Amino acid sequence: MTSSLREKICISLAGLLFMTAIYMVFVYAPTERVMGPIQKIFYFHLSCALVTFLSFFTAFVSAIVYLIKKDLKWDILGAASVEIGLVFTTLVLATGMLWGRPVWNAWWTWDPRLTTSLILWFIYGSYFILRSSVDRQEKRAVFCAVLAIVGFVDVPIVFLSARLWRTIHPVVIRAGSIDMAPAMITTLIVALIAFTCLWGLLLYQRTRTLTLAGRVRLLERQLDGEGI
Amino acid sequence: MSGFWILVRKDLHAEFRKPEAVISMAFFGFLLLVILNLAIPMGAEISPETGAGILWVAITFSSVLGLARTMSREKENCCMDGLLLSPMSAESLFGAKMAVNFTLMLMAELSIIPLFFILYGDTFFHSLPMLVLVVFLANIGFAATGTLFSAITAGTNRNEALLPLLFYPVVIPLISITVKVTAMIFQGAGPVEYSSWLYVMTAYGLIFSGLGFLLLDQVIRE
Amino acid sequence: MADFLAVNNLGKEYEGRRALHKVSFGLQQGDFLSLFGPNGAGKSTLLRIISTLTSAGSGKVEIKGFDLAEEPEAFKMQLGVISHQSLLYGHMTARENLIFYGSLYKVDDPEQRAEELLRIVELYPRRHSRVSRFSRGMCQRLSIARALVNDPSLLLLDEPFSGLDQYASAILTEQLGELRSRARTVIMVTHSLDRGLAAATRVGILAGGRLVYLEERDTIDPSAFEGLYMEYVHGARAA
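Those sequence lines, one after another, are chains H, Z and S.
Residue 60 in numbering that gives the first Met the number 0 is what sits at position 61 of the first sequence, and the numbering runs on without skipping anything.
Residue 115 in numbering that gives the first Met the number 0 is what sits at position 116 of the second sequence, and the numbering runs on without skipping anything.
Residue 156 in numbering that gives the first Met the number 0 is what sits at position 157 of the third sequence, and the numbering runs on without skipping anything.
Some hints here could point you the wrong way.
Partial chain S-side listing against chain Z, Cβ under 10 angstroms, derived [to be verified]: (1) 50; (2) 78; (3) 79; (4) 80; (5) 85; (6) 89; (7) 90; (8) 95; (9) 99; (10) 100; (11) 102; (12) 104; (13) 130; (14) 131; (15) 149.
To be clear about the criterion: a stretch of chain S counts as covered by chain Z if any three or more of its residues have a C-beta under 8 angstroms from a C-beta of chain Z, and this derived list gives those stretches [as the list claims (entries may be wrong)]: (16) 51–63; (17) 68–77.
Simulated from the structure, these hints should not be mistaken for lab results.
Just so it is clear, the structure is predicted and the values come from calculations on it, not from any experiment.
Ideal Cβ positions, reconstructed from N, Cα and C, are used throughout, including at glycine.
Full structure from sequences and hints, please.
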């Protein structure tokens with residue numbers, strides 16, 4: 000299967016959007032007075048966090064749909080989402096640490112948001128350990144769906160409990176008001192859109208790859224002997 | 000008698016006859032209490048936070064031994080199939096296994112907590128009544144999560160080795176809240192100060208019991 | 000007359016492969032159905048679905064009008080299953096195992112029922128021994144007793160004679176005859192054509208997930224059956 004024209008257009012558009020976002024972050028948006036250029040990592044940090052949420056939410060929904068419909072394509076969508084979510088959780092943690100080092104003077108602090116991201120990383124990391132420990136496809140799909148549901152339901156409790164580690168995380172967006180220059184807000188919105196597009200593309204490609212891998216395995220088994 | 004009681008009675012009967020789960024839990028808990036002593040500087044006074052942390056690390060780490068055993072007992076000779084064939088519902092199966100896990104944890108705690116007071120000083124002893132409530136709420140949460148996850152790991156080819164890897168990330172919030180509340184109790188704080196955390200613990204227990212009741216049937220039936 | 004057991008359009012997929020496809024049949028009370036078929040034909044899957052261990056992908060199963068999906072408890076009360084696994088707890092005694100299963104099926108007097116069954120399978124003297132100390136043959140006999148604990152009106156047998164010692168298979172044969180005299184329904188999956196034909200009132204062949212053949216036993220000439228069987232199996236393979 001070669002990638003169609005429409006896919007090529009989508010990929011080019013997302014690439015263009017990404018270039019725009021990078022340009023805006025580094026040239027268009029003003030440099031923050033106190034923190035200096037390091038503040039610019041914030042645009043990527045928040046965008047990665049958004050992608051993480053989108054991924055885990057998609058995994059949660061597809062897990063529920065799988066348990067109802069028992070159609071393996073939802074399992075594949077869930078697995079692809081968790082994979083992408085895990086990569087972006089890692090990026091959230093990495094960008095957070097890069098920012099925290101000069102600003103807080105520490106690579107790591109037990110801040111609720113950081114702690115939550117780290118615990119999410121563990122929960123969804125265990126998803127792949129579980130995935131690799133079950134051979135039967137249907138069983139694996141059910142187990143992973145249950146873990147995706149349990150993990151997602153756990154998120155608010157994780158966040159609530161992580162407050163026990165006292166916050167020094169800056170609250171940029173409070174209800175009703177935003178502490179940012181207008182040019183920064185525009186830049187942030189473009190960055191968020193660019194990352195959402197990237198997420199959509201990654202999810203599509205990854206889902207397709209996993210579907211094809213499943214088909215290949217089925218064909219191999221059929222060749223081995225009448226599909227038994 | 001309902002399927003729930005029959006199963007609870009069978010499991011507890013087996014445990015009383017040969018208390019392998021409780022003994023290994025209590026033994027490991029005791030061992031952890033001793034090992035964790037290494038983290039404390041010589042001769043230093045133990046802060047309430049450290050004390051609470053040590054106590055709950057010992058309890059939660061030892062509990063995994065019992066949680067895994069309760070489900071894997073049904074794997075021998077495919078007894079789980081026998082339960083699924085019987086008219087007992089998956090909900091009562093979950094309820095029964097959760098009740099058994101709760102009881103096993105409680106029995107292990109009955110030896111771990113007194114040992115904790117002996118090893119780490121009876122200055123915390125005044126906190127016993129409220130500690131009972133915290134233990135009760137924490138056990139519900141641990142038992143519910145552990146029952147659901149041990150049903151999953153029993154169906155994988157890595158068995159019990161997988162349980163801690165799945166179980167701990169999900170119960171971290173419960174552990175951290177429990178440690179915090181226990182520390183406050185050790186400090187002598189009044190119930191008003193930590194009552195909201197007790198609600199969160201209750202909510203955790205309810206949510207995960209609910210998830211278990213809903214999802215167990217899918218996990219154990221193909 | 001409505002069928003005692005009605006299997007309707009049953010389908011199941013494993014890993015994108017059809018394990019069962021549109022299997023339908025009905026049995027009357029007292030019928031003994033022997034199911035033959037090559038490995039992977041879907042025999043075990045069919046039994047696992049009827050015994051509620053595997054969920055059906057599509058279609059439905061009813062016993063005495065109780066739908067498997069809608070009234071699982073009433074459905075399961077009618078069932079007894081003998082499989083390769085004994086489904087017995089090693090750390091419990093023979094008697095405790097039977098009492099445990101008897102109480103799950105809400106048998107009136109589980110103790111009495113257990114002792115009655117222990118006598119039937121000739122394990123009464125060993126009733127207080129733990130199952131983990133039993134020999135394989137004794138386990139097999141006890142698992143026959145276990146399957147009969149609720150006096151099932153439908154008994155499902157998956158290769159019951161394979162691996163059974165002579166003593167146990169004599170007891171099983173005797174019990175099957177006894178169930179038949181009380182108009183109990185039996186489905187038996189087996190590789191042994193002789194054994195299957197000897198006991199059956201109806202005979203079916205599963206191949207490639209489909210029920211390709213279902214006839215009354217009386218209409219079959221045993222000497223010609225093996226040829227017939229091979230013909231159907233090869234026919235299904237070619238299709």
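> Which hint numbers does the structure go against, in order from smallest to largest?
Replying inline: none
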